[in-house]
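If you're matching them up, the sequences are chains A and B in order. Our numbering puts the first residue of the first sequence at 103, with every later residue one more than the last. Our numbering puts the first residue of the second sequence at 4, with every later residue one more than the last.
The set of hints was computed from the structure by calculation and includes no laboratory data. Some hints could be false.
What the hints assert, rightly or not - Straight-line alpha carbon distances no greater than 27 Å define the calculated DSSO-like cross-link-like pairs of lysine-lysine that follow:
no., chain 1, residue 1, chain 2, residue 2
1, B, 363, A, 209
2, B, 232, A, 125
3, B, 361, A, 209
4, B, 363, B, 137
5, B, 188, B, 363
6, A, 209, B, 279
7, A, 131, A, 209
8, B, 232, B, 313
9, B, 279, A, 125
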Amino acid sequence: MTPDHNRFAANTGYFDFDRATIKPSETGKIDEVVRYLQGSPTHAVQIEGHCDERGTEQYNLSLGERRALAVREYLVRAGVQAERAFTISYGESRPAVPGHNEAAWSKNRRGVFVLLTPK
Amino acid sequence: MKHKSAFLLTCVVFLSVTARPPETVAQDDHEIDITHLGARRIPISLEGYTGEVLDTLRFDLDIQGFEVTGADKAQYLVSGSNNSDVTGRLTDRVGKTTLLSARYTGGTLRSEAHTLSDAIVEKITGRNGIARTKIAFKVETGQNSEIYVADYDGHNAKQVTQDHTITRDPAWVPARRVLYYTSYKAGNPDIYVHDLQSGTRRAFARYPGLNAGAAPSPDGRRVALVLSKGGSPDIYVCDADGSNLKPLTRTREAESSPCWSPDGRTICFSSRHEGKSALFVVSADGGSMRRLSTAGALNCTEPDWSPDGKQIVFTRLAGDFEICVVPAGGGAMTPLVAGEDPAWAPNSRTVIFTRRVKGKRVVSLLDVPTKQIKDIQQTSGSCSQPCWAK
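Sequences are here, hints too, so could you generate the full structure?
And the structure:
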């Protein structure tokens, strides 16, 4: 599968501090991914779970995975086959925005979709 | 684990006279509960040393409950030289007795100084010194991180991995030069086991999703780890060959940081099972998980069980991160210092941990009873996730 990091760049979902539940404000962006996958049955997605720096390192790795899994559960409930959605946690090691304030943190607590297309 | 160097370090003890037991204060210090904070540092003087040997002796003693001071204020006097070999004579200033007289040959001056400081610590306190122990830690540069090993004070650091990706969560197998860690080299966080002696490694856990937090049991025969293949990050245990994998938790919430009791029967970890991060314990053979009381501390993660079985050190988030200890059976926690990700030394007294300084992480040592802190020699980059070879 070939990864495409740009296709869903506008569909990144954000989380509250220390939470792995999907907020109502984020579901529209995820629904777009669901519709895309339903229209492209050979494509799949990798869901990256990320955290801000305000958790400890091992905790954040598990929290990031929990966030990615929450997004995957949402996709599966919407009808996407489970085997078409992979999860990977990066904890706090790949922040989207540098900085040590809420403006940066709120952008770093996120679930990112990477489109996977057949080679 | 003792320092195993390529060279042969020989110690010639000329004279070891203990006319009477060590000073009462030293004995008291040895016996106090380590959470009894504000313990008095033992004043000791160093005469005749220079340069690296002086710095090494001072560092080793300062972080193990001593205070290097002038001879007029010292309870113990150390005199010697570092011309070609390191020599040392330890005297009880009040009793005027010689407790130790030794010459160390065959190593580097630094290793000989560590050997002398270990002998001093053992002679005065009855505890094993930690100056010849090893640590492992993660070094982050840019987006990637690699695993390093070093002497306990950060010197002689050597890079173990060259994966050019995220490599993290190092953990020593007790009494062996073997590390477990997580690497994203194959595109997923997988656990590897790496033999430092032979330089070979193999994939240990490569399940779908998260494979992280590997913690070998005290006898090295089993491994606790975090896997998310069941739909949520849970604690699992398996044999050292990867077989007999068994989940110990089945929560919907995230678990992390398993560690073992020294008898190998219980695993302590962090979970959000009851809404906030807290410490839990579970039998290594399975059964229900039980909350470990940490009265006074919320948001607890990263537990590490002391080798003597008495204490669990952990990180709490209370605005900033703070290192705390709690009795292993649970109870009132004692906050120690600002920092995170603590790990015990083999002496069940010193803790290695991470501090955040100006957006970077540095690894530091903490002498728990006296709260003395010293940064180890830093490897260039952001250093974190320290663990101690035992």
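Hint check:
1. Restraint check: the Cα-Cα separation between residue 363 of chain B and residue 209 of chain A comes to about 20 Å, which is no more than 27 Å; the hinted pair holds.
2. Distance hint between residue 232 of chain B and residue 125 of chain A is fulfilled; the C-alpha atoms sit about 24 Å from each other, no more than 27 Å.
3. Using a Cα cut-off of 27 Å, the hinted pair residue 361 of chain B and residue 209 of chain A holds, with the two alpha carbons roughly 20 Å apart.
4. For the proposed pair residue 363 of chain B and residue 137 of chain B, the alpha carbon gap of about 23 Å is at most 27 Å, so the pair holds.
5. Restraint check for residue 188 of chain B and residue 363 of chain B: the C-alpha separation of about 24 Å stays at or below 27 Å, so the hint holds.
6. For the hint pairing residue 209 of chain A with residue 279 of chain B, the CA-to-CA distance comes to about 22 Å; that is within 27 Å, so the pair holds.
7. At roughly 15 Å between alpha-carbon atoms, residue 131 of chain A and residue 209 of chain A fall within 27 Å of each other, so this suggested pair holds.
8. Between residue 232 of chain B and residue 313 of chain B the CA atoms are separated by roughly 34 Å; this puts the pair beyond 27 Å, and the hint is violated.
9. The suggested pairing of residue 279 of chain B with residue 125 of chain A holds, with an alpha-carbon distance near 19 Å, which does not exceed 27 Å.
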